[in-house]
Structure formats: structure tokens, C-alpha cells
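Q: Residue numbers (this note's numbering), protein chains in the order written: chain A, 10 to 417; chain B, 15 to 119; chain C, 684 to 1173.
The reader is advised that the hints may include incorrect statements.
As the list claims (entries may be wrong) - Have a look at the derived ranges for each label pair, beta carbon to beta carbon:
1. C:Asp751 <-> A:Glu155: 36 to 44 Å
2. C:Asp751 <-> A:Lys136: 41 to 49 Å
3. B:Val96 <-> A:Val281: 34 to 42 Å
4. B:Val96 <-> C:Thr1106: 16 to 24 Å
As the list claims (entries may be wrong) - Here are the simulated EDC-like cross-link-like pairs (lysine to aspartate or glutamate), alpha carbons at most 16 Å apart as the crow flies:
5. B:Lys18 <-> C:Asp727
6. A:Lys136 <-> C:Asp1148
7. A:Lys136 <-> C:Glu1137
8. B:Lys49 <-> C:Glu698
9. A:Lys136 <-> C:Glu1135
10. C:Lys779 <-> C:Asp817
11. B:Lys43 <-> C:Glu698
12. A:Lys136 <-> C:Glu1138
13. A:Lys136 <-> C:Asp907
14. C:Lys757 <-> C:Glu912
15. A:Lys401 <-> A:Asp282
16. A:Lys56 <-> A:Glu80
17. C:Lys778 <-> C:Asp727
18. C:Lys756 <-> C:Asp1029
19. B:Lys57 <-> B:Glu47
20. C:Lys757 <-> C:Glu1065
Don't read these hints as lab results, they were simulated from the structure.
Every residue gets a Cβ at the ideal spot worked out from N, C-alpha and C, and that includes glycine.
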Amino acid sequence: MIKKDQIKTKKPKDYWNKRAAIFAIVSIIITWIIGYAINNEAPPDCKMVLPSADFCKPLDNDSFEGVIQNEDRTETIVGWASLNEAPGYAGPVKVMVGIDPAGTVLGTYVTSNSETPNYYERIENEKFLEEFIGLPVISPFKIGEEIEAVTRATVTSNAIAEAVRTASYTIAETQLGLEVETIIEPIKFGAPEIAILGLYLVGYIGHRGNFKYKKQVRWLSLIIGMVYLGFIFNIPVTVANFTSLLLGYFPNWRTNLYWFFLMGGILFVSTVDNKNPYCQWFCPFGAAQECLGAIGGARLWSPGKSIRRNLEWIQRGLAFGAIILGLLMRNPGFSSFEIFGNLFSFTGSWPQWVILVIVLLLSLFIKRPWCNYLCPIDPIMDLVLASHRWIKQEFRKIWQLKNLKKNS
Amino acid sequence: MYEKFAYFTTPQFWFFMGILFVGVAVGLKVFFEDKGFEMNWWKWLLTALLWFLIFFSVMAAFTFLGEGETRGFWIGLALFGVIDIILGVGLWRLLSGGKKVPAKS
Amino acid sequence: MSEKTDGNAKLSRREFLKATGVASAVLSLAGASAGGVGAGTDFDTFTGWGASFEGGDQYFDRKAYEVDEPTYKKVGTSRRADPRVEGRGHFGTYKKAKGAGWTPDQGIDALPPHLAAFYKENPDSQVAADYRHDVLEPLQKENQKKYGLQWQLSKTWSSAYSAVKPARPDSPPEEWDYRNVPDEALKFKTPDHAAELIKKVAHTFGATLVGITRLNPDWVYSHDLRGAEKGPYDVPEHWEYAIAVTTPHEWGQMAANPTYGLSSDAYNRSSIAGARLESFIQRLGYSARLHSPNSGYDLLAVPVCIDAGIGEQGRHIFSIAPELGSNHRPAIITTSLPMTIDKPIDFGVQDFCKNCQICADYCPGNSIFNGDDAIMTVRGYEHWYLDPDACYNFWGTALGNGGCRVCLAVCPYSRKANWVHKTAAAISRVDPTGLADLSLVWMQDTFFPSPEKEEYYPPNHPDGDGWNASYRPGPEWMLTEKWFDVEVTW
Chain A
10 MIKKDQIKTK
20 KPKDYWNKRA
30 AIFAIVSIII
40 TWIIGYAINN
50 EAPPDCKMVL
60 PSADFCKPLD
70 NDSFEGVIQN
80 EDRTETIVGW
90 ASLNEAPGYA
100 GPVKVMVGID
110 PAGTVLGTYV
120 TSNSETPNYY
130 ERIENEKFLE
140 EFIGLPVISP
150 FKIGEEIEAV
160 TRATVTSNAI
170 AEAVRTASYT
180 IAETQLGLEV
190 ETIIEPIKFG
200 APEIAILGLY
210 LVGYIGHRGN
220 FKYKKQVRWL
230 SLIIGMVYLG
240 FIFNIPVTVA
250 NFTSLLLGYF
260 PNWRTNLYWF
270 FLMGGILFVS
280 TVDNKNPYCQ
290 WFCPFGAAQE
300 CLGAIGGARL
310 WSPGKSIRRN
320 LEWIQRGLAF
330 GAIILGLLMR
340 NPGFSSFEIF
350 GNLFSFTGSW
360 PQWVILVIVL
370 LLSLFIKRPW
380 CNYLCPIDPI
390 MDLVLASHRW
400 IKQEFRKIWQ
410 LKNLKKNS
Chain B
15 MYEKFAYFTT
25 PQFWFFMGIL
35 FVGVAVGLKV
45 FFEDKGFEMN
55 WWKWLLTALL
65 WFLIFFSVMA
75 AFTFLGEGET
85 RGFWIGLALF
95 GVIDIILGVG
105 LWRLLSGGKK
115 VPAKS
Chain C
684 MSEKTDGNAK
694 LSRREFLKAT
704 GVASAVLSLA
714 GASAGGVGAG
724 TDFDTFTGWG
734 ASFEGGDQYF
744 DRKAYEVDEP
754 TYKKVGTSRR
764 ADPRVEGRGH
774 FGTYKKAKGA
784 GWTPDQGIDA
794 LPPHLAAFYK
804 ENPDSQVAAD
814 YRHDVLEPLQ
824 KENQKKYGLQ
834 WQLSKTWSSA
844 YSAVKPARPD
854 SPPEEWDYRN
864 VPDEALKFKT
874 PDHAAELIKK
884 VAHTFGATLV
894 GITRLNPDWV
904 YSHDLRGAEK
914 GPYDVPEHWE
924 YAIAVTTPHE
934 WGQMAANPTY
944 GLSSDAYNRS
954 SIAGARLESF
964 IQRLGYSARL
974 HSPNSGYDLL
984 AVPVCIDAGI
994 GEQGRHIFSI
1004 APELGSNHRP
1014 AIITTSLPMT
1024 IDKPIDFGVQ
1034 DFCKNCQICA
1044 DYCPGNSIFN
1054 GDDAIMTVRG
1064 YEHWYLDPDA
1074 CYNFWGTALG
1084 NGGCRVCLAV
1094 CPYSRKANWV
1104 HKTAAAISRV
1114 DPTGLADLSL
1124 VWMQDTFFPS
1134 PEKEEYYPPN
1144 HPDGDGWNAS
1154 YRPGPEWMLT
1164 EKWFDVEVTW
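Let the sequences and hints guide you as you build the complete structure.
A: What follows is the structure, encoded as C-alpha cells:
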């Protein structure tokens, strides 16, 4: 007779996974709301761009009128300030522009940004913001003409120029009664976009069930991914991309189509096909690890079930922490701890370099060590695919129940 | 620092280095034989190339140190060192015939 | 029994050989380290300062890189440069006008006519000059008093080079250029002989590099010939050929620009070598006139250097020589002596500078441009150019010896002649794809980094808040605190 307490009730498969998934999704929603609430910035001081103003009168359209109080109690207008934003590399860059009554730019000031500090420092060092001073309010503020972009910070430069343009034009139209031409950026469809579409095509062909050359096609796809997405364009998928997605920080679709193709494609394939097209087929860093593994004869490291499970939870925790931090600070780049930026764009902090070297050397002997134990994309994709699977299961159950009811 | 290292730029020094290179070659030959590696001319060529790569990586890093470029020294050592290790592992696998325990998946 | 000992003996001999192999490997790597440090510190790699007054420092084989046309282009009608207003000339002319009593309320037309015309066409230059005179120069004086002790030794060493300076011409060229000419001239067998001898003696006189070309009259200034009446002048007919001689700065101080760095060592060495050469040529019986940092110029020295095959022009607009990189300061001798001329050379600088941009990235005055903006048409010629006002205004900001020369120091070509840099330069020349150049530029920026632009400024300067950074620390022998009893507040 088997005693009841001797039977260990085996928890159903995915027991903890399901609960962890629900916890993660709920936490993300809550943190998103908290982040939104605590990151409401105080309205900036218009004196930052209108230094001679005594105080700022708020107007419509996020604008302010700067005035001096005269001795005889009258007021003199010294100019107007306007706030606007444009998508930068990691999130919106908010800029305030000051215009004087003659229609010249008096000053510019970035009130907030989420760019990587290394890159933003270049903007400050080059005194990029001062290039706008003295330009007429209706000038096109075009990068490459009156304004020089800061080398290696072109996306941020473009964002600032765009924000300055929109803010200036607001003042031009509302306060100075001038006509402005709307500048429409041409849609950029270039090499990165073609490369990504090409990779998805290759993946589509290669994934077909019994495709004879699956292994070769996968290697081809990996090499292309490593060279193009990695070294040439430096656009690997990072946890910051997912945080951006959650925050709604989409880049300018006209000039960053590749971002939409990349993220959209991944989400599309995972929902429709329930497969992860990225990690095994064209992740540049995964490709680099597999190349090293081929040189060194890497084997999969299986340290024992319980250790492996613990490491898995650590990996999930890292990804979870990165997203939560990013949502709280409303800054996707804040918690991007990936080390492959160092490999592909040769920038990064000292700890990242050290970890990169260790990971690269390990990948000679262990298969894809970063992917299997540290990469945050892995657990994120797991969550997406698993959620998709469970939701489908639930729907199927409901549908089956409905059918039973019908037939009975 | 300047003239203390002047000896190491003399022809006599390099003569002795040449003798050491021969010592390395002999040692490697015996080592490979004992390991049962089947060597041929191009495997020896690759081995020689890797040896000189390692040698000149170290010498380049220390040249930077001699010039006073300490950052170049550390980064050079790290960068060339990693490349040398990766190539070294690759060469080892090549020489040993790639016979490793098949991958457990 | 004997087999066993034989076997053991064999085994231990193999072990011995393997052990020797390991020991040799370890010793070789130790040797590599020592050899590396030796190569890095070897004085013979300090081209122009180490060994040779025998011409051995002009080691590059220029014949292999000769081209028929220099790597700049003539694109339009050309004209000569007016030294009174162009480049940084206007700063001095303006200051003189102010010293003679001109004030802004008199209006721009009260200035000397050439200056007024220049400022009407280039109003930004007047703004820059006013800024320099009113703000930068007084501030620089103040800052020098505050921080200057740090570079006292360097300044003293620099000033010592004024002990012997060639004289500025004080009579018209018809007299000055012939002042040592004897009654009977020694005629050379052929122009080939002339060229070879001139180069040989130039090296004995102290020149590191020598090149010979025909003088392009467009390079001669338009006004104010030295030793003659002020005003416009025609290019004297006896200025037919031009010899470029050049020497490098001391390598340790050059790397420590702008503060520990200085111009006078190379300026004086080139000027003296040139003065000796001028005297030599005159005494042979031919006219010769020195244009040098110490005695003044009547022409633009850099294009003459390029025509003479000394080097190519780089993004920072100076000439880059294969042996010295950007680290050289030329003097020119114009002469009537017929010599076989050298052809200009092309050893890959134009393509390299297009990719590199390091000087533009680190110029503290923001005067060097990135990208193709740095290629401009100036007075009918298309070549690299920059903003001379921004450059000169940074000279009015940096402390130490004055001037800047950061672009000379950060340039990847300005490296000592050890095996690493020679190999790198050779790879750059040989590779047609440009991939080598990209890697070399990355390595230069990563292995030999520079402080950021703003760091080169003094603390609390209106244009930048820095810490008087220098590209590299001052060389040990130039540190004031090493030799003198001073209080170190830096």
C-alpha cells in the first residue's frame, strides 16, 4: 500500500515556468507604470536658452515667452522658447530652443536624453549645440549643410537637429507668423535593410522541414549575420531593443527601417511560426562564438541538471533585471549589459572588455557560453515563445470544451 | 631606460636568439613525435608562423612599452594575446587530427 | 638490462630535448620582451636626432614612389598669397593698426585698405582677431603666470635656441641674394652633379631631409618682400629653383605638445642648416636666398616641400614625410643654381588621411575638418585646408611654450623609426584595399590615445574647461621638478 505522503506529487511540467512568466509580465506592467509616474520631469527653465529673461510665461505647444520686467512695470519680450523631441539612438532626445524677436536662434539646451554616455559626451565635447546659435529660425537646420554632425554620434546629432527644427518652426509659425516648409526625410532603404530581409529569406528557405542543406545554409546565414549585422553595421539585437519596444521608443521609421524589420521580423516569426529566427540563424555574437567553437572543438557544457537549472534562473534574472531597470529609468540603454558592443564597435567599459575576452576564449571549448548562460535575449525569446504556446493551448482547450458542449 | 637596453638591439643578441629558435624547433619536433602527430611541410610552416606571430606580438607590445606608450602595451598584449591563443588552439586541433570526443548535444 | 638503460637513456634524452625546447621558448619570449624595449628606446629610431649627419636619416627610397604630378590639383586661376592678411597674417596687421590708434568706432574703412577689403570679405576673421586681442591674449598671460612654472625648463630650453639665428634680409634681393658671391663662379659639370653635391652638403650642414624643385611662382607672397620696400612685387627672376631642407622636433618634446612642446628646436636647426646652405651656394657663385622660420619667408614653404618630393600634404595641411611623418619644419632656399630636380611623391597619404581624421578629431581649436570638407579650393589650387583663425586662436589659449602642434603629435605618421612603425607604414603603402589603413587608424586611436579636445584647454577657459593636457607627459629630462628645487603644485 502506498502511503499518500510517500507519493511525491509531481508538479506538472512548466509549473514554475508558467508562474515565473506571469510574475514577469505583471512586474513589467507595474514597473512601466511606476517608471512613467516617477519620470515626469519638471518643466524646464526657459532661461537656459533665453539668458536675459527674468521669467517665463507658458504658452501653447510646449512654448514659453521670456520677458524682462522693466522699471516702469511694463514688460519687454526677449524671446520665445519651445520644447520638442526627436527619436535618438536609445530614446527620445528632448531639446529646448530659444528664439529672439528678430527670428534668430539664441540658444539650445537638451533637457533629457537616453543616449549612451560615451556617445553623448562627444556631442558635448564638440559643442554641437552651439552650432545652431545665430541661425535664422526658419533655416532648414540640415545636417551636412549648416550643421556638422558629430562623428560617431550621427544618430544623436540628427535627432537634436530634428528637435531643434520642429521647436524653431513652432515659434516661427505661432509667434512670428512666418511660413515654414515641412521637411520630409526621404525613406532610407539601404544595405542594412536589404541584409536583414535577405537573412530572413535565407532563414525561411533553410527552415523548411527536410531541406537538404540546412546545416550549410545555417552557417551561411550566421556568417552573413556576423559580418553585416555585427562588424559592418553594428546592429545586433540587444535587451535595450526590447526595452525600447516596451517603452514605445520607436526610432524614426524613415531612417531606421532596419530596426522595424529586425524586431518586427523576430516577433512575427515567433508568433506565427513559434520559432526563434534570430539566435541560431543570424545573431552576430552567436556566430562569432560558433566560429571560435569550430576552431577549438567546442562541446556543450552540461554541468548537471540542478546546477544547470540554477544557472538558467540566474540568466532569466539578469534579463528580467535589465528590463525592469530600463523601464524604471525609462532609459533602454541604461541596463544594456551586453558585451558584444565591444567586439563589433570597439567601445565599452573595462569590465565589459574583460568579460568579452573570457567569453571568447571559453567559446573555444564550450559551445556558445554567452548564449547558454548569460545572454538576456535567450530568456526573453523563451518567454515570448512559451507564452505563445500556452495561450494557444488554453484556446485549444476552450475550443475543445465548446465543441464537446455542442456535440453533447 | 634608454641605453640600458641597447644590447638587445645588437647583432650579437639576435645571434643568440637564433640559437634559441633552433632549441624551440628541436623541442617541438620531439614533442610532436611523442604525441604521435603526423607532421608534414605545411603543418611545420603553420607552426613556425604561429611561433613567429607569438614572438613578434610580445616584441611589439614591449616596443610600445619602450616608447613610453603603456596603454598601447597592455592593449597590444591583450589583443595579440587573445588572437594568438585562438590561433594556437586552432593549430593544436589541426595538428592533433581533430580527434576529440564527439559533441554531446 | 642494457636495453632498459638504453630505453631509459633514450627517454631521458627526449625529455631533455623537450625541456630544452620549453626553456628556449621561455628565454626567447624574454628576449622578445627585452628586444622590444630595446627597439622602443633605441636612439637610432629618433630620426634626425640619433645618429646621422651623414644623410643616413633620409633612408626612404623615394624613387619607387615618384609621380609626375603632385597630389594636389590646380583647378582654376591661381594667385599668390598676401601675407599681410591671409592665413594668420591679418591678426598682426590688425594689431599694428590698433597700435597706431585705430578704434572700432572709426569704422572698418579707416583700416589699411588691404585689411579693410579682407575683413569686408571675411567678417568672421575680424571677430576672431578681436576675440584674440581682447580676450584670449590677456587671459593667456594671466594663465601663464598661474600655471607656467610647470614648463619653465621647457621654455628655457626653447629660448636657448635663439642664441644663434640667421639674419633677416635687410637689402633687396639683387644685393642680399648675392652678398657672398665671389667674382668667379665655379661651374658644375652637370645639373646632376649640382643636385647630388647640394644634397650631400645639406646633410652635413644639419638637414635631415633635402629635396630640390623648380620654384612655382604662385607660391611666392604677393606683397612686402623682405629687405625691400613694402608693397607688391614681381617674383625676382633669379629665384628659379627651390631647395627644401627640413629637420624634426625632438621626439620626446614633440609628443608632449602643446605645453611641453615647442617649435624652436626644429625651427632653428632647419634655419641654420638652410643658412649654411645659402652661404655655400652663394660662395660657389650663384644667388641664393634663405626663407626660414628664424629669418622670415617670402613664400609658402609647404607646397615647395611637396613639389620637391619631401612628402605629401596631409589633412592638417602640413607636409607628411615618410621618415618623419608630420614632425618636421622646413626651410627653403631659392636659387639660380641649375640642378636636376626631384619629382613629387605619392606614398598613400591622400587615401590614408581620408580614412583617418584623427587630427580633426583631436584639434583643440576645432580648426581641422572631418570628411571631404577639409578639401578646398584656395587661390586656384585644390588641396587640404583648415580654419586658420580657429587654429591661431588656440595658440593664444594653450600654455607652455605657445603654439599648439597637437596635430603633429597625434598624426599616425609621426612615429619613431622602429620596426613596428616601419612595418605598419610599409603595410599601409602596399595594401590597395584600404582595409589595412582602417585597422591602423583604429590601432592608433586605441593603442596611442589622445586626451579629448577640451582637456587641452587651461582650467576655466571660456572656450573649454580642461587641465592643460599634453598628448603625452613631458619627457623625463624636461620635467622642471626633476632637476630644480621647486614646489610642485601640478
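Q: I'd like to know which numbered hints this structure contradicts. Please list them from smallest to largest.
A: 13, 14, 16 and 17
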